[in-house]
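With chain A held as given, fit chain B onto it using these hints.
So you can see what is in the structure, the chains are spelled out below.
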Amino acid sequence: MGQFTFNNQGIPGVDPQGLRGKLIVIEGTDGVGRSSQIWLLKQWLETKGHAVRATRMTRSVLAGKGLRRAKKGTTLGRVTMALFYATDFADRLEHEIIPALKAGFIVLTDRYVYTLIARALVRGIDPDWIREVYGFALKPDRIFYLRAGVDDLVQRVLQQDGFDYWESGMDLHLGDDMYESFVEYQNRMMGQFDKMAGDYGFKVIDASHSIDEVFADLKAQVSEVLTPARPLPSDSLGRLKQLRNGYTTRDSLRAESSENSLRDTNGGPSGEHIFEPLRDEIRPLLRR
Amino acid sequence: MEMSGKHNFPGRLFIVEGIDGSGKSTQLSLLHRWLESDGHAVVFGEWNSSPLVKKVTRRGKKKKLLTPMTFSLIHATDFADRTEHQIIPPLKAGSVVLADRYIYTAFARDVARGVNREWVRGLYGFAVKPTVGFYFRIALDEAISRLRTGRAGFKFYEAGADVGLADDLEESFRIFQGRIIEEYERMVEEFGLVVIDASLPIEEQQSQMRKVVAEALVGAHKTRNSQWVNLRSIIRESLE
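Line by line, the protein sequences give chains A and B. Per the working numbering, the very first residue in the first sequence carries number 8; after that it's consecutive. Per the working numbering, the very first residue in the second sequence carries number 4; after that it's consecutive.
Isolated chain B, as found in the complex:
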């Protein structure tokens, strides 16, 4: 199979990881802007967004049909579809691919739900190894206070409420995300994730990221077609 491990595709794959409220999505979108303005063709993808699979996941969550096993497998299915369509082809074409959450999200969440650590790593054996994986490290209390002000409430599965850790949703979220942080910390060394201190000012985090990315981009394609690409995305946004 054309998969697994370090790839030799001409493109580059940068991914961000961290718990909700760590600010990773903000950082990735700033990186996206910078890469495009620098003339790279950029493809961006999110966790849990495969057009074939996401409906099944959404319904499963809404109706609370998911067990730790099926939660794990349906997310792997979603990720497989994205790998086959949104990640490998652009990497072969020499693009820069950005992913908000990657396999490490699955490793952290599934293990926090009691799934076997080795099994879930094997499950994602088809995944492309990222050029750089960033982990946004943040204290649990800080993340929770950001989430409290930022949006309404804690979601059932994000709080790990399906595994029955606590009666109170916020308390469950605290325990579950605490376990996830433990898993992330374990993975920093295992997978060589680049740690960004998410308590630093946004600008400082971004400049650290850009420095690492710039080094990884040496020798990467730039596109002569960025004007075309950018114009099209501007037109599309204005039409929506």
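If we strip away everything but chain A, and leave its shape as in the complex, we get:
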């Protein structure tokens, strides 16, 4: 964690050095099972004591709604679409992903800039331009690329929500109907992902196997990125009660993140008894 992806150009007001969490990206085509695997990973990681934030595309407070509305109309051009996605991504990066990383969360993100770049490229956008636009993106700690053949995708998509207009690339007029268009579009998307896999160091996961097998594969590889999990304090109940009061001592915060030397140096003399408001980073503990 720490650097920006493509050209290191950065975001005004954001220091990537202070990001303690891990950014784990799950990439792959429509229907490959990304959201199922993210759900499973989240349960598993939380059980191990890691705080997890799961995020996905077009859900930004700023641009999510506007983008979804634009996709329902008939006038969304390819450059506009590419930049609308970039706006949505930047908003999520600055307001969701970076704060969570600062707070030491594991951020699991369903798709990342690679999907956005692939979508732009299959629509004929200049590759240098789109990579430069995303020069502000953070470099993930791991990028898992779930890969399955288009035959498998078709079956999975049909069993779920059916073919989606954009996920079938209907704007590109690739086939006589949604099925043909989907197959062609997803093949092109996979072509882009396969190319990027080498350039950006994707870990390829064979997603044609069963959910359990894919999950086992992912777990093994995610484990490599994790710093030793901090176990919940033995008196979890008492701790939760303390947290629920809305205040916690700096000492107990320090105990919680013992591997974090940053706070140790900034936390003041030991034994100092300063009350501070409950931090957002602890809030998710209360929800479990």
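Calculated from the structure, these hints are not laboratory results. Hints are not guaranteed to be accurate.
[What the hints assert, rightly or not] Negatives, chain B to chain A, calculated, CB over 10 angstroms:
1) 10
2) 23
3) 53
4) 55
5) 58
6) 84
7) 86
8) 88
9) 116
10) 119
11) 169
12) 181
13) 200
14) 219
[Claimed, not checked] In silico DSSO-like cross-links for lysine-lysine, where the CA-CA straight-line distance does not exceed 30 angstroms:
15) B/95 / B/214
16) B/66 / A/72
17) A/49 / A/72
18) A/79 / B/214
19) B/58 / A/79
Ideal Cβ positions, reconstructed from N, Cα and C, are used throughout, including at glycine.
Relative to the frame of chain A, chain B by itself:
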């Protein structure tokens, strides 16, 4: 991609730039009148006006959701939509396109907010290079005194209040617009902007503009349909 840099479209693209209060919009509307009366088909567009995007921008500003990055990106999105629908098609059709503010507004404002200068230039790599870009140069004090008499107060983002330059809105506006002027001055040479002294009488500025535009219009289409076009716009205005 069919974009970027100098275009070979039969139309012409004239744009005006300058800080608020420089009088550029007045000058552009006078130019518009003249071009139409001279028989050109004219399409006019403003900054931040894409029907797909402007709602998002307006809400983002109202709720103060925008950071320098998202401010930059949402305006680029808006501009992309306008480029794809309101700028490139009329230029291909041989029209004269007028734009009140263009990519240089983004370069000036975003850099004044701390966005990387090279990055924001790359971001607008899809833009069509204008036939002529006019920059209305005005002293900051003069612009501020025009704004004070002209309308109520200074707006939050126009004053750069989001980057926390000063507690007082007018002071923030002064600092922020000062930075924007610095960026504009840097761009005059970089992009070959034509400088108009905005302290001159309105008529004098307009005649300088028309002279430059007239030269750039040599060989441009005129429309045989201007009567139809003009009548329609008169009817539309009277119905509104």
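Consistency of the hints with the structure:
1. 10: For residue 10 of chain B, whose nearest Cβ neighbour in chain A is about 15 angstroms away, the distance exceeds 10 angstroms, so it holds.
2. 23: holds (23 angstroms)
3. 53: Non-interface label fails for residue 53 of chain B: nearest chain A Cβ at 8 angstroms, not farther than 10 angstroms.
4. 55: Answer for residue 55 of chain B: violated, closest chain A Cβ roughly 5 angstroms.
5. 58: violated (6 angstroms)
6. 84: violated (4 angstroms)
7. 86: violated (7 angstroms)
8. 88: Incorrect as stated: the minimum Cβ-Cβ distance to chain A is 7 angstroms, not above 10 angstroms.
9. 116: Non-interface label on residue 116 of chain B violated, nearest chain A Cβ at 7 angstroms vs cutoff 10 angstroms.
10. 119: violated (5 angstroms)
11. 169: Non-interface label on residue 169 of chain B holds, nearest chain A Cβ at 17 angstroms vs cutoff 10 angstroms.
12. 181: Nearest chain A Cβ is 18 angstroms from residue 181 of chain B, so the label holds.
13. 200: Per Cβ check, residue 200 of chain B is outside 10 angstroms of chain A; nearest 33 angstroms; holds.
14. 219: It holds; residue 219 of chain B is separated from chain A by about 26 angstroms at its closest Cβ, greater than 10 angstroms.
15. B/95 / B/214: Judged against 30 angstroms, a Cα distance of about 24 angstroms means the pair holds.
16. B/66 / A/72: Distance of about 15 angstroms is within 30 angstroms: holds.
17. A/49 / A/72: holds (26 angstroms)
18. A/79 / B/214: Distance of about 46 angstroms is beyond 30 angstroms: violated.
19. B/58 / A/79: Answer holds: residue 58 of chain B to residue 79 of chain A is near 15 angstroms, not above 30 angstroms.
Taken one by one, the earlier hints fail for this structure at numbers 3, 4, 5, 6, 7, 8, 9, 10 and 18, listed in ascending order.
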